[in-house]
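Q: Using the hints provided, position chain B relative to the given structure of chain A.
2 protein chains.
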Amino acid sequence: MKTFSETFLMENELAWEPAGEGMRRQIMGYDGQIMLVKVEFEEGAIGYEHSHYHSQTTYIVSGAFEFNVEGDKKVVRAGDGLYIAPNLLHGAKCIEAGVLIDVFSPMREDFIKD
Amino acid sequence: MKTFSETFLMENELAWEPAGEGMRRQIMGYDGQIMLVKVEFEEGAIGYEHSHYHSQTTYIVSGAFEFNVEGDKKVVRAGDGLYIAPNLLHGAKCIEAGVLIDVFSPMREDFIKD
Numbered sequence: 000m001k002t003f004s005e006t007f008l009m010e011n012e013l014a015w016e017p018a019g020e021g022m023r024r025q026i027m028g029y030d031g032q033i034m035l036v037k038v039e040f041e042e043g044a045i046g047y048e049h050s051h052y053h054s055q056t057t058y059i060v061s062g063a064f065e066f067n068v069e070g071d072k073k074v075v076r077a078g079d080g081l082y083i084a085p086n087l088l089h090g091a092k093c094i095e096a097g098v099l100i101d102v103f104s105p106m107r108e109d110f111i112k113d
Numbered sequence: 000m001k002t003f004s005e006t007f008l009m010e011n012e013l014a015w016e017p018a019g020e021g022m023r024r025q026i027m028g029y030d031g032q033i034m035l036v037k038v039e040f041e042e043g044a045i046g047y048e049h050s051h052y053h054s055q056t057t058y059i060v061s062g063a064f065e066f067n068v069e070g071d072k073k074v075v076r077a078g079d080g081l082y083i084a085p086n087l088l089h090g091a092k093c094i095e096a097g098v099l100i101d102v103f104s105p106m107r108e109d110f111i112k113d
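Protein chains in written order, with numbering that gives the first Met the number 0: chain A, 0 to 113; chain B, 0 to 113.
None of these hints come from the bench; they were simulated from the model.
Identical chains blur together in the list; that is why a pair holds if it fits in one copy or across any two.
Capping the alpha-carbon separation at 27 Å, the derived lysine-lysine pairs in DSSO-like fashion look like this: (1) K72 <-> K92; (2) K73 <-> K1; (3) K1 <-> K112; (4) K1 <-> K72.
One chain only, chain A, in its complex shape (with noise of 0.2 Å):
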């Protein structure tokens, strides 16, 4: 497993991978101590909750979104973010299609495949 990324990361140059229905992801800079990944969605996809032991800061570049953490709903938009801390419940639906940027602590491991 390949453990820190290039230095630059151009975005006509990176794999797109499939993310779940209506959800496609870019894996950008990284190493084994932090992660970050662009996610487009499609109005009315759904990042089902889950949790993970990871620390997850989320950034909203474009796009409106519900998000649920542990039961706190709260739409964002471009401009806003959020922090989810390790195993914390999340999930969140996208109201107009937009990209996150979703970033961890450590790395997502189970991002990388190979």
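A: Chain B only, in chain A's frame:
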């Protein structure tokens, strides 16, 4: 020192802090092991070369920037990103006004005032 942020970070509720000439920032989601910072640049603003022990990954939300990472220079635009390994000398010049997302691991203690 507070070592974790709120869960929901709304752009219109967060303080903007000065971050050098022609730059300002909002501290967004963080805990001890991760911190996401939004940095807004005016055209021509310069993030002078510096280094730190934190791993950093950056996402370009808008605008265009010439980055220099240990002498390796490249122009990055909306949708692109970088990974900056610990202790590498890096800086950026804004060539079209825009916004960067910088994420650090561990958190930048030096960015927290109380």
